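Participant: Listed below, chain by chain, are the residues.
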Amino acid sequence: MNIKDLPEEENYFTPGHTACAGCAAPAIVRNMMKIFGKDTIVYTPANCLLVFSGTYPHLAWKVPYLHEAFENTGACISGVARAYRKKGRKVLVVGFAGDGGTYDIGIQALSGAAERNEDAIYVCYDNEAYMNTGIQRSGATPYGASTTTTPAGKKIKGKLEHKKDMAEIMRAHEIPYVATLSISHPKDFLEKVKKAKEMEGFRYLHVLSPCPTGWRFDPSKTIEMARKAVDSGMWTLYEAEYGEITNIYKPKKKIPVAEYIKGQGRFRHFTEEMIQELQKWVDRKWKRLYGEEP
Amino acid sequence: MIQKLPAKKMVVTGDYAAAYGALLCDVDVVAAYPITPQTLIVEEFSTFVNDGITDAEFIMVESEHSAMSACIAAQAAGARTFTATSSQGLALMHEMLFVASGLRLPIVMPVVNRTLAAPIGIWCEHNDSMPQRDAGWIQMACEDNQEVLDMILMAYKIGENKNVLLPVMPCLDAFILSHTVEPVEAPSSDEALDFVGKYEPIAVLDPDKPMAIGTFTPPEYIQELRYQTHMAMRNAKKVIENVTKEFASKFGRNYHGLIEEYKCDDADVVLITVGTVTGTAREVVDELRQKGKKVGLIKLRFYRPFPDEEIRKIAENVDAIGVYDRAISYGSGGPLFIETRHALYGLDKPILNFLAGLGGRDVVKGDVEKMFEILLKAKEEKPKEEIYWINTRGVKI
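Chains as they are written, first to last, in the working numbering: chain D, 63 to 356; chain Z, 42 to 438.
For the record, the hints were derived by calculation from the structure and aren't laboratory data.
Hints may contain errors.
What the hints assert, rightly or not - Reference excerpt, derived from the structure (chain D facing chain Z, CB under 7 Å, subset only):
no.: 1; residue: LYS66
no.: 2; residue: GLY116
no.: 3; residue: LEU128
no.: 4; residue: ALA171
no.: 5; residue: GLY353
All values derive from a computational prediction rather than experimental measurement.
C-beta atoms are modelled at their ideal positions from N, C-alpha and C, and glycine is treated no differently.
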């Protein structure tokens, strides 16, 4: 699967939406939808995507689309999937949730749906904070990042805790498929989406979604930010089937986190100690996932 | 589809009657989470599924919030859905109740009325369902297990009516009905399905005809939707009358629509009751009538839509009206009392409120006699109080 193989015209997520310039989410959703195709039913909880993809009577979706609330993506995709199983008709049911709706308020419904191995795809587009409500910290926000609820203050400088490892939590559910993706690696991205589409049972796709507004970087640098996240080890690309890692990508040349955080306003206040603390977290994660010293 | 089931007489709990009612309506998707005293409903339904009596999908979710979320999603995808809950579970669902009615999805959910903490308890009180008044659900109360089964059938027919399209919450008293066996007549599956009909949704999530359900909506459009939902709830009054009539002609059991009058024709005073207390009150009315007291009873079947005109018509011809409540709006009065007074606005006669059975305390004949005694006295002289806490330590009446 290559980017050239994607149909040019068949957009099920169309232009005209109102996302911020440089937002990664529309690129993630549009490319996924090209692969998911016509027979897809989409659920979105409360998130940026809900708002920028359509404010009545405008709509960017060309597939059936449902919204109910914030914390229930796992339950809602279960409901649609079961209704269609009862009808005896094959459709692809996909939920697109943000990191707040996944790591925090939505983790219970997500875990329940995964444990029941519902026949649906859950996509977490992770922009590492509550961007829709104005950049508040979430369980996905990395250590030290300045958000509107973890501001870089005189006494406390940014978020005190590290990012939760959500993909690993999902891997522990031993579901058919867990994959982490990045738009900086399109071939890998598309292959994983295609693979997920062809599988059955509960599938979890987790994409890093750089956010120029919340991370405070130049909107032309979205792909570069995503690539640096992968190259630094801040974001690790892998696949897991039934709890076992089956494929993991190792950056050819690992860059220090200091290089990743450069150019992002949310890390501007970082001291040398803070950089080291973040680097230590990356190194621990590296050792755990690759089984070797970084 | 369900297996063909013959008409039969059963001796079953209220919870079984609810589950069997849902089975007879051939529901497509059930999503539920167990909570005492609703548990028997989900247990019984799982047995129907695992014994192959129905091929319904049963989603055993991880919370009541997810139960309602999944029902809404399945119903939006065109399924007839069912769930059941109680107390804390209903409170946890609160957010989603508004989504079900806002999307005009006629989900049916029996609520086994149980006290809402704190303090925690498992016995009967109506302070779980009554605070859901403004969620846009049709809400009704059952007197016995037969009414539970019958009401599930009627609930689908009322909710799915094109002039209504609202979710329905039949309520049954914890343990007094949920766990108590009574004789119940069940129609055959053919008769039941013939009565309920097929669910034909207007808007469905379907890839062949894509549409968005539940979009982000600006102020330019929401107010009209609120008006339409309000009118749908008003429309439900007529539909309830018609459906109960049709039910009566088909199955021989007449529930008389929104309220049932008992010896109100020449009554001096009437008491409005809800739920299982009605059975006790009926006996008290009979006894007092034998003693020559002109007392009557209004069995309130629906809380939403509220039978305002129906109650007013009776109230106009009596000297005093009492309202029994098994819940309290702190600092004000019982929810039914507040509604009744609103319905009787401008009527210059005593309207009194009797609170009893809160937290699941038994309401016995003596308690109901006390209510009538106060009402009959109010007919003679203007009462000093409006709200009476019956059988309450520390409160003198």
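Participant: A separate judgement is required for each hint: does it hold in the structure or not?
Facilitator: Okay, the hints, checked on the actual structure:
no.: 1; hint: LYS66; result: violated, 26 Å
no.: 2; hint: GLY116; result: holds, 5 Å
no.: 3; hint: LEU128; result: holds, 5 Å
no.: 4; hint: ALA171; result: holds, 5 Å
no.: 5; hint: GLY353; result: violated, 33 Å
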